[in-house]
Amino acid sequence: MQTPSSINRRPLLVSFVRAFIWPASLLLGLCVLTFFLSYVAPGDPARIILGPNAHADSVAQLRTQMGLDRPVIVQFGSFLGEVLTGRWGESWISRLPVLREIGDHLRPTFFLGLFASFYSITAALLLNAIAFAFPRFGRPLIPLLRFGISLPSFVVAVAAALAMTRLQAWTANSSGLSGDSPWIYAVPAIAVALYPACVMTTLLRDRFGDLLAAPFYRAARASGYSPSALFERVLLRNAWATLFTAWVNQVSLLVYSTIIIEYVFSFRGLGALLISSIQGKDLPVLSGVILLNGLFFLAVQTVSTQFSRRPKDMEPPKILRPEQVQVT
Amino acid sequence: MNAEPGSRRLSRAVLLQFWVFASFLILLVSPSLFHRLANEGAAYSIRVPQALQTPSAAEWFGTDTLGRSQWNRTLIGTAISLRTVAGSLVLALPLSLILGAISGAYAGQWPDRVISWIIALLHTIPFFLLVVAVAALVGPGTGILPWLVGGVIWAPAARLVRMESIRILESRFVRANRAAGASAAEIFSRSLFPLSTPPAAVCLFYLFPEIIGIDAILTLFGLGPKPPTPSLGGLVFEGIRRWDSAPWLAGLPCLLLITLCLSIHFLADQIAKQLRMTS
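Going line by line, the protein sequences match chains A and B. So in this note's numbering, spot 15 of the first sequence is number 15, and the numbers just go up one at a time. Here this note's numbering = 1-based position in the second sequence + 1000.
It is worth saying that the hints were derived from the structure and are not from the lab. Where is the CB? At the ideal position from N, CA and C, for every residue including glycine. Do not take every clue at face value.
[Stated by the list, open to error] Here are the simulated distance ranges between beta carbons:
{"no.": "1", "chain 1": "A", "residue 1": "PRO42", "chain 2": "B", "residue 2": "ILE1046", "range": "32 to 40 Å"}
{"no.": "2", "chain 1": "A", "residue 1": "LEU96", "chain 2": "B", "residue 2": "PRO1228", "range": "33 to 41 Å"}
{"no.": "3", "chain 1": "A", "residue 1": "ILE93", "chain 2": "B", "residue 2": "TYR1106", "range": "44 to 52 Å"}
{"no.": "4", "chain 1": "A", "residue 1": "ASP206", "chain 2": "B", "residue 2": "ILE1118", "range": "45 to 53 Å"}
Between the sequences and the hints, there should be enough to build the whole structure, so can you do that?
So this is what it looks like as structure tokens:
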């Protein structure tokens, strides 16, 4: 008799490839969009590079040289090829390769994001652990967090950034950090992390609430397991999945909170690069930053869908609360 | 289901429709309301001798560096931001309802796959960067922002509507309707849309504070309304530069912004509460 699994088993390679078709198609869509943006951008790239006083002949020559008068499909094809091989063009302002510009500006953004993610995850775990151990503390915490979530994240980031400038000045003076050390980003990252921390704490609290009400938990308690042992075995193990999903949802928020913080603290990170490329109408750099961000989001979301397969019959909630709404 | 007497269920349903309607009305009317409340003369007239005054009974929010009334400037800036919000609501809500309904009705087949792919793509693209990039291309101050934001923000709501559609179309009362001979259009308009509008509206309303935030950040990039037109982001970021000497310049508009977002949140919470009680 054939067992169901032998009927439905596919070769591993086929399922592997199938898992990649979806993200690959999204990647293609992303490239199409980025190309479309630069294609319909007003202004002639050759003229922008050569300046308004250049001769018409040299502009036309540069256009042919850059391949701007080829048909759209061919241009897109070469764009795709360049993206895949890592030649992302040159900045119109500084003539440096786009990837080099991005690399130069990556450091502050990377460290801010790293510290902020660490703070928000730690805050979520810590606050929930305290709320679990001391329920009386947990009760006033939740309305406070919900209030924090309903504030626009932009305001929270700005207010926190202003508060952190004082703290940053104090810690920088007292610890004597040099300008290059990654620890100068430790304090500003608190401002980035404040709003996501509220969201993650609330989401984790909901998850803990579900787990605490589950029959198996009550059975375990009735059998004599102590709350602290159960915290470690049950709650913590299930926390990582929720935290990861919540972090994935908050990544885009982290991006633009980081831009605000970089502005307030004058860090030369990707936010500053974005601002300067927009104000200088530097299209290659702008496309490069968008593409890089898109790639990052795509990678994060692909990994997250691989890890959080939900059973089909598990119904998602009908009415989303604000922290559950995914900001795209 | 709850065994409520029919009259109470009816009044709850009425209350739900009321809150949905009222929220839409408030959001759509508020830009012009704010604009009407503002005194444009006071917002634009430069009176340097009265620069940087603290808030008082005459000038509720004080004056900025050029002596203009900060209160009126805040009102006008808020009206502009709310116009973006209202415009994107007008675009995003029907789009999410229709596309979500199509996607749910043909679940698993090609319309569903195409629409789900588009939604996934919109989630992949950093929404904020896309808005910034297109706004950079089109130029500052044009009316493209509501269209842009609406064209991207329908995705989370559409996912919700899709799940709701699948659930509703498989429910007993819709199947009974269909057996009694109702056409697809009748089922969509009588059953599907009224039931899926409140969750979609709640989802969009919860996203509106983010939209206002993005609207504000655009001024960082120089893509907001051109000066001297005030914008919320411009007010806040200008005020940040003078935080130590004149904290009211940034602080009071921020307070107004917070109140605004909390009110939108309150509206959404009311709808959600009615939904929870009728489900």
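*Can you give the numbers of the hints that this structure goes against, from lowest to highest?*
4
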